[in-house]
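Asker: Sequence:
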Amino acid sequence: MHRAVDESNSSHTIDPNTTDGSGVETPVVVRYYRLGTTQRHQTDRMLQDIKERILQKRREEYAEKDCTFRPQTERPPSTNVSVGKWSNESASSEQVYSRLSRYAEERSRRLEEKSRQKERNEDEALHGLFQPIINSRKFNRSYSTASAPVEERLLNYGEEVNLSLEAKRKEREQRLEWEMRHPSHSVQSTAESAASFDYRNQTLLQKRERLWVEAERKLRDGASFAPKVCPTSSAIDYANLKKSGLNAAFPGSNDRGALLYYTHQATGEELSRAEQEAERAARYANRPQTKPQL
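Position 234 (the sequence shown) corresponds to 233 in numbering that gives the first Met the number 0; numbering is contiguous.
The set of hints was computed from the structure by calculation and includes no laboratory data.
Be careful, since some hints might not be right.
[Unchecked claim] In silico SDA-like cross-links for lysine to any residue, where the CA-CA straight-line distance does not exceed 25 Å:
1. K227 with A214
2. K167 with H181
3. K56 with F68
4. K167 with L153
5. K217 with T202
6. K206 with R216
7. K167 with W177
8. K167 with E178
9. K50 with G35
10. K206 with G221
11. K113 with H126
12. K217 with A234
13. K169 with K217
14. K169 with G157
15. K227 with N239
16. K56 with G35
17. K167 with R180
18. K113 with Y102
19. K206 with S192
20. K206 with D220
21. K117 with I133
22. K117 with A103
23. K206 with F224
24. K227 with V212
25. K169 with L154
26. K117 with L128
27. K167 with S192
28. K169 with V149
29. K167 with P148
30. K206 with K227
31. K227 with W211
32. K217 with R207
33. K167 with I132
34. K50 with Q38
35. K169 with M179
36. K117 with Y102
37. K227 with R216
38. K217 with D236
Construct all of the structure, not just a fragment, from the sequences and the given hints.
Answerer: Right, dumping it as structure tokens:
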């Protein structure tokens, strides 16, 4: 389909004998005039490969010129002359392996010995720390063996219980007898115990009161709704409710909501009971107190 270009047209042909500046011969490449897309791409790819090979060869030549390292590699023996040499090398390699294995065994033995020595040191350090107190009674030593019959062991247990109860009883009697001989000391100890009890009780009450006040303060500070009642309005309510006796019935109450509840929501029976309590409180309010309250 395509017509070859004439050799006289040097711009479209490459001479097979031509060389580049490095003296490397280039392969024969014949270009065709007005190639199709596929052929043009193949030709360009072939030319690119040629250029890459040329550049790679140049780089290798430059590297050989610049590098002065020339290693000499040994190959396996091919004649009988070098058999002794390789046998010596194999023997030396076996000696290295045996030396390394022996070193590993010695190292493992040293590690085991070190761990055993550490355990022995820990045992010696802990030796004698636990010294329990053993009861030295004769009947415990005489009947501690498991070879004794069950009846005998139970009988001995009962005797032990009786002996312990008797010892406790004697100790209690001795303490009572000593207290009877020294009554002042017993009274003083009783007074001291009562005083200490009162002090502890008072301390606990004060602590509880302090915690209660702190809890109320935290609750007030943390509350988002904190209404304030006008003093004038509170005085007017107190004056209006004084007629019904609710303030006398609840003299320490400053809760306006409670007073309003008893005024508007309480039934007749509750109001009458409140009035009776107010009258009783007013009757006993002015009486002298013979015994002051602490």
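Asker: Would you mind marking each hint as holding or not holding in the structure?
Answerer: So, going through the hints one by one against the coordinates:
1. K227 with A214: Since the Cα atoms of K227 and A214 sit roughly 20 Å apart, the hinted pair holds (cutoff 25 Å).
2. K167 with H181: Distance ~21 Å between K167 and H181 Cα, so the pair holds.
3. K56 with F68: Holds, because 19 Å separates the two Cα atoms, which is no more than 25 Å.
4. K167 with L153: holds (21 Å)
5. K217 with T202: Within the cut-off at roughly 22 Å; holds.
6. K206 with R216: Holds, because 15 Å separates the two Cα atoms, which is no more than 25 Å.
7. K167 with W177: holds (15 Å)
8. K167 with E178: holds (17 Å)
9. K50 with G35: holds (22 Å)
10. K206 with G221: holds (22 Å)
11. K113 with H126: Distance of about 20 Å is within 25 Å: holds.
12. K217 with A234: Violated - the C-alpha atoms of A234 and K217 are around 28 Å apart, more than 25 Å.
13. K169 with K217: Judged against 25 Å, a Cα distance of about 58 Å means the pair is violated.
14. K169 with G157: Distance of about 18 Å is within 25 Å: holds.
15. K227 with N239: Holds, at roughly 20 Å.
16. K56 with G35: The hint is violated at about 32 Å.
17. K167 with R180: Holds, at roughly 20 Å.
18. K113 with Y102: With a Cα-Cα distance of about 16 Å, the restraint between K113 and Y102 holds, given a limit of 25 Å.
19. K206 with S192: holds (21 Å)
20. K206 with D220: Roughly 21 Å separates the two Cα atoms, so the pair holds.
21. K117 with I133: Measuring from Cα to Cα gives roughly 32 Å; hence the hint is violated.
22. K117 with A103: holds (21 Å)
23. K206 with F224: violated (29 Å)
24. K227 with V212: holds (20 Å)
25. K169 with L154: holds (23 Å)
26. K117 with L128: The hint holds at about 18 Å.
27. K167 with S192: Holds: K167 and S192 sit about 24 Å apart, inside 25 Å.
28. K169 with V149: Distance ~30 Å between K169 and V149 Cα, so the pair is violated.
29. K167 with P148: violated (29 Å)
30. K206 with K227: violated (30 Å)
31. K227 with W211: holds (22 Å)
32. K217 with R207: holds (15 Å)
33. K167 with I132: Holds - the C-alpha atoms of I132 and K167 are around 21 Å apart, at most 25 Å.
34. K50 with Q38: holds (18 Å)
35. K169 with M179: With Cα atoms ~15 Å apart, K169 and M179 stay inside 25 Å; holds.
36. K117 with Y102: Satisfied, since the Cα-Cα distance of roughly 23 Å is no more than 25 Å.
37. K227 with R216: Since the Cα atoms of K227 and R216 sit roughly 16 Å apart, the hinted pair holds (cutoff 25 Å).
38. K217 with D236: At roughly 29 Å apart (the allowed maximum being 25 Å), D236 and K217 break the hint.
The structure shown violates the earlier hints numbered 12, 13, 16, 21, 23, 28, 29, 30, 38.
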